[in-house]
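Residue numbers (the working numbering), protein chains in the order written: chain A, 1 to 330; chain B, 331 to 660; chain C, 661 to 1170; chain D, 1171 to 1529.
Note that these hints are calculated values from the structure, not bench results.
Owing to the predicted nature of the structure, the values given are computational and were not obtained by experimental measurement.
Each hint can be trusted.
Cross-link-like lysine-lysine pairs, in silico, DSS-like; alpha carbons within 30 Å at most:
no.	chain 1	residue 1	chain 2	residue 2
1	D	1455	B	428
2	C	934	B	457
3	A	213	C	682
4	C	1035	B	543
5	C	738	A	213
6	C	781	A	213
7	B	543	C	981
8	B	543	C	1102
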Amino acid sequence: MGNQVELSKENKFAGTVKKLLSANGAGVVLAYAVLVIFLSIATPYFFTLDNILIVIRQAVWVAIMGIGMTFIIAMGGIDLSVGAILGICGVIVAALIKGGMNIYLALIIALVAGMCFGFINGLLITKLRLAEFIATLGTMSILRGIIMVYTQGIPVYGLRFPEFQFLAQGFIGFVPFPIIILLVLLGIFYILMYRTRLGRYTLSIGSNEDAAKLVGINIDRVKLTVYTLTGLLCAISGILLTSRSEAAVAEAGNGYELDVIAATVIGGTSMSGGKANLVGTIIGAILMATVRNGLNLLQVSPLWHQVVIGAFIIVAVSMDTLSAKRHSNQ
Amino acid sequence: MGNQVELSKENKFAGTVKKLLSANGAGVVLAYAVLVIFLSIATPYFFTLDNILIVIRQAVWVAIMGIGMTFIIAMGGIDLSVGAILGICGVIVAALIKGGMNIYLALIIALVAGMCFGFINGLLITKLRLAEFIATLGTMSILRGIIMVYTQGIPVYGLRFPEFQFLAQGFIGFVPFPIIILLVLLGIFYILMYRTRLGRYTLSIGSNEDAAKLVGINIDRVKLTVYTLTGLLCAISGILLTSRSEAAVAEAGNGYELDVIAATVIGGTSMSGGKANLVGTIIGAILMATVRNGLNLLQVSPLWHQVVIGAFIIVAVSMDTLSAKRHSNQ
Amino acid sequence: MTPILSMENIEKSFNRVPVLEKVNLTLNRGEIVGLMGENGAGKSTLIKILCGVYPKDGGDIILDGKKVNIKDAEDAQKLGIRTIYQELSLFPTMTIAENIFMHNEIGYKNHKGLIMPLDIKGMNRIAHKVLNDRLSVDLDVTRRIEEIPLAQRQLVEIARAVYSDASIIIMDEPTTTLETKEKEQLFKVMRDLKAQGKAIIFISHHLDEVMSICDRVVVLRDGHNALDERTSDINMNDLISAMIGKSVENQYPKVKFELGGPLLEIKNLSSRKKYEDISFTLHEKEIIGIVGLEGCGKNEILRTLFGLCPHDAGEIVYKGKGLRLHNIRDAMNNRFAFLPGERKVEGIFPIQSMAWNTTIASMEKILTNRLVSTKKETAIARKCVEDFSIKVNTPSQLISRMSGGNQQKVMLARWMQTNPDILLLEEPTRGIDVNAKTEVYKLITQYVQQGKGVVMVSSEEEEVLGICDKVIVVRNGKINKVLDAASASLEEIKYYSVNDSADDTEGASC
Amino acid sequence: ACQTSNQAPAADTPSTDAPASDAAPADDAAPADDAAPADDGAAESLAPPPTTKEKPIKIAFVPVVMNTMYDMVISGCKEEIDRNGGEEFAEFLVQAPSSNTSTIQEQTNILENLLQQDVDAIALSTENEEAMLPYIEAAAEKGIPVFLFNMATLAPEDKWYITSVGFSQFDAGKSIGEWVVEEYGDTPDVQIAVLEGFPGVLNTQRLEGFKSALEGHDNLQIVASQAADWTREKGQTVTENIITANPDIDFIFGMYDEMALGAVAAVKAKGMLDQIKIAGYDNTKDGYESIKAGELTCTVDTASKEMGINIIKAIKDYVVLGKEVEKEINSTLVVYDQENIDTFDVENYIYVPREKVEE
Ligand SMILES: Nc1ncnc2c1ncn2[C@@H]1O[C@H](COP(=O)(O)OP(=O)(O)OP(=O)(O)O)[C@@H](O)[C@H]1O
Ligand SMILES: Nc1ncnc2c1ncn2[C@@H]1O[C@H](COP(=O)(O)OP(=O)(O)OP(=O)(O)O)[C@@H](O)[C@H]1O
Ligand SMILES: [Mg+2]
Ligand SMILES: [Mg+2]
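The shape of chain A in the complex, shown without the other chains (with noise of 0.2 Å):
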């Protein structure tokens, strides 16, 4: 998006259509338009207020995660472990509240431990000096292990504190509040990636992290940083996850990795680094719910959903790169 922004006013005369399509990101846009207009005319419940806020909620927990990868994907990394955190964290914050504990206290230590799992990751990656995919790999694989041993796969539930339910399933006038904490969240981390150094920071690692270090950049401190905040953001999922379900179960979150990446690199965000792209992001996490939306309104038989949403996905990001391509071409 700010890349869109300043390309802009590159060439200021240039149709608005032709510059959407052209941008990084676009394709999702575009993916999502025929999504939404293909399903309301297959299917009466898909067009409608309730079912629109449904599937965004649904998508509210991926996107939250999505900023986080955002960040890390721009900055040439990945964390698999994204997932694994939110899985902890929702236990963590079970386990306190149904211990006794006041709920605004145990919210704050699952959103510490969320974090510490983040820079964990960092303290991986930059001080062993370990790839990202294998440094959280390994983590995912710790943290899952560790939610295991604790919960002997058996979910902490009865978590019927209305201040604790309200989080995931209250509402602040039509809006239900977690889309409202995704909207805060997605403000908060636009400013950061696109008004900060912070941002300037991760996207220069991931453009050229050579020279970001000739430049003098502590890339440490940014890494550190990034998947500290990234801990934070899963944990914050976590929490509302569990709030959704009133349970943490030894399994939430599993395989969430992917999907969070899919829906960043389908958002816009390169793989290759120095590009984010982050408002796409959250548009990537919904058009993944709304492909699984649409299955389930459609009544799909579920032994296709794999081969939809596999198909889905390489159609979504080829739809940016076809876009993309043309673009520089011309």
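Go by the hints and put chains B, C and D with the ligands onto chain A.
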């Protein structure tokens, strides 16, 4: 390995130990040695020819796919679909044999199918210019879905044909046949990697793709070849796995992609591309199988397995990084 | 007055091979010091130690009379040292303004944290102003680096160093890709900085540049101090002999051959927005130089001939037959070779060995029964080390651990190995030292003698005049003037680079 | 490392996690930690009241994952629908999570989506009912009755469901244990190995049930108990490792047929099939044939098809006929071995279209 050979010429006089420790992938040897010593002391059952052969045979499937993954990672790519290709090729060979087809014909068809799936990955990556991670994530999902649609989750079983059983269950002398297959494949791909154009071009692309293009390397062709060969290797693994259990199970190879990537990186092939250590990959795969074997032999509670394996991956890879760091710092 | 910087008895070795031995360098406020030496003499290593890229093995760095310990680039920056590195270090996906202000941002509040809100408009404005006022280029600072040509990138890198409160500015071969005009701008900026009391270390292989801009020159030879004199006290020959231990009589060993038949005929070639109506003929044994201002389209013309840029009109005739160049392989199959200008990005395979880098474009030469023969590979690499006087410990040394100039020689060697019929060169001697340049020119001359042809693009007019037969001056995407190198002068080239030849009659009449 | 995994075994085991089946081993013995029988809650049930809806009704069927076991349940459902008039009786929608993602979150999404549509009944099987409570409650409040099936546990707070159809995991595990007690009697020093699935309620209950039958028989000893992730391949690998450490093993219990078949392959490769007896769980088709071939020793049939039939019967009673139904409906469990395997009706594995039966 290629690098090691050359390095050794450079400082002919440096002690062997130092050379070993400084070489790319030395960590894996060290980690393996430590583990073997530990297990040999901890349990009398570990260090027996029988058990060693069993462990190696258990590592074969991952090791064979790891050969392909080494090429792909050395080329700067990644392939998340290896497990799914293994799964679908297993189902294909099982279904064909069950359907009464001549076994050798069925094998050939499964191998060709594996190559086709790899080729499709290659096409997505070269023609649609999708990021490797996303393209192969998509094919993984699609192939897993197709397996589900086809098998309805029901295993294809009852493949009790001696020739077919021999593939994974046979012995030549006291050596299990799959180990022989692995060694033959290692030999072939070792030569491909270090002695042919394909290997050099693979490493060149991983080292600097832009420069590779300018020296006339047909990047698309090399990528297509490497992904196709990887597909072939996955098919071989799939066939062996099917032969081993005389059944093709829908979820065979699920999650293997992560094991394969971990084995490759533990073996000393760098995720940033340009370097490959085929022998290291094999040792990495054996190492992972050894850890699991050890957990079973030592009767470690299943709840702890994931934690141990995750920690082990991190430790094994850091050993490599640390020894490499010590080397480069001096 | 204490010098602002003094490096004393600096020592450094890589893998026990000494690169710097007891090297000294002092720098005063308001002084420009030239740092010279052959390729691999240790210049870049010395300044990288100063910038915190490499730790030193011994010696002291004294800033303003205080001994300092520079651990990393951040330390160096805090101490007021800014560097333009030999290999560009820009951020391709980021804008010009973002690059100029990288790690030197302006915000609404003034604190050092990562979360400071940035004044983006203000930075864009200042970036534009810096480029415009100090370097006289008018660039859209919101364009991304990957969208602008190499020379402009170099300017951005210069602007980044200029716009900083650094008191010491180091420039490692900043002029290699600059055109005359931009070079003059750079010199003007350097004088301004000097007037402000800043100190500059300037590395270049161009003696004339060093003699004219620097107050003092320090020469390194094989990692030792070889000379430290005021430029006013010495002449070029002193410099050369300090660097290489002998003098060079004829820098340009041009031999004019009888031209053969036409090899490559370019007819009315056009590419939308890049260039139009380009026609010329390259004969056997001919070397053609293409010159022009940055952005005039000369590089695109050359790249079109290698199948890298599409053209939409016109014809390329090669050895009498029409040629279609869709991609690089079409060009390579016809025995064309192309040396790209941006070595680090488009040339080297950094984590591979020198031998690997030398033979990668001509692998058939090192295959025996389709398998790589390490023996053949090493033999070829050793021969290249000889021919191009490459400084390398062994052919198995990683190329990224060689000096810039030596990397450039490997690039040239790589392409000569392919036995091309047509050699397309972008900045062929970028970063190569005086002595080695002569060797390279000799090799190119020998090579055309066998009936081959060369087209080169260069920002060094002397070089073009010195070794080419014909010089094509391109202006705004069109051939403005074709000069005979034997009779043309530097002034003519400069003149036609900026003035339309259609104005000639008027120009002459005045 | 890295298990991501998805679908597990057929039997109800969803992979990564464990699900569940029904609970309440009502009568005997302490079941696993929390399999709280919910019978007494019936009085204060908050479930929507019985209705007498017009046919055809719309039934949503939400299993944990698509696999062999749920497939058989579906067959049972379809056959029972056929008996009642097929499409004129009910529209049958199957919605399951696709793999690769956490089944819990996907199932909650599916429920949210279903509540938007006008379904008349939801049949739901879930790994963790606790995590679904808000949705079951929401469905009840909307007047949509929820019929749980194949649940390993029921949350004591759950007053919104109509009935729980299934079988007792605990009892099924126990029945294998009883088979062992009978088979080995007082034979001294019988070494037993167990192949477990992923940790979770399902795993715990089967194991507890098995162990409860062995209690008091000190000659029957569990010498190894290792996770094989519900899969055949892991079953084989882990068995190889277990045999290495325990060469004198006599009996292996694979807590799901796929793992047991992996054990069969490993044992066979060692040529120890006549020494080691292997038991499975669920009586999958492959397991059945292995018993017929004389390789797998025994397995417990969990009557998946019967479960499907019971689900539709309950729905019909409650939604169409307006009758109250039992809070818990269990199918019968039978252990099959070489002796009685021929009495098993293979039609149970497949969907056989049924004649309509008039009420
Ligand atoms: N320019 C290239 N880019 C990518 N791969 C190449 C290139 N040249 C050769 N290869 C690969 O190396 C293999 C061996 O090349 P070689 O020239 O020895 O065999 P070949 O049968 O003559 O192939 P070709 O006729 O295509 O060159 C080729 O089959 C191809 O896979
Ligand atoms: N990282 C490194 N590892 C090993 N050797 C190195 C490394 N960097 C430089 N060298 C060696 O140090 C010597 C000096 O290199 P340096 O780059 O300082 O030369 P230079 O004077 O800048 O040459 P040029 O004019 O070609 O840029 C060279 O012989 C080079 O091979
Ligand atoms: Mg240098
Ligand atoms: Mg050939």
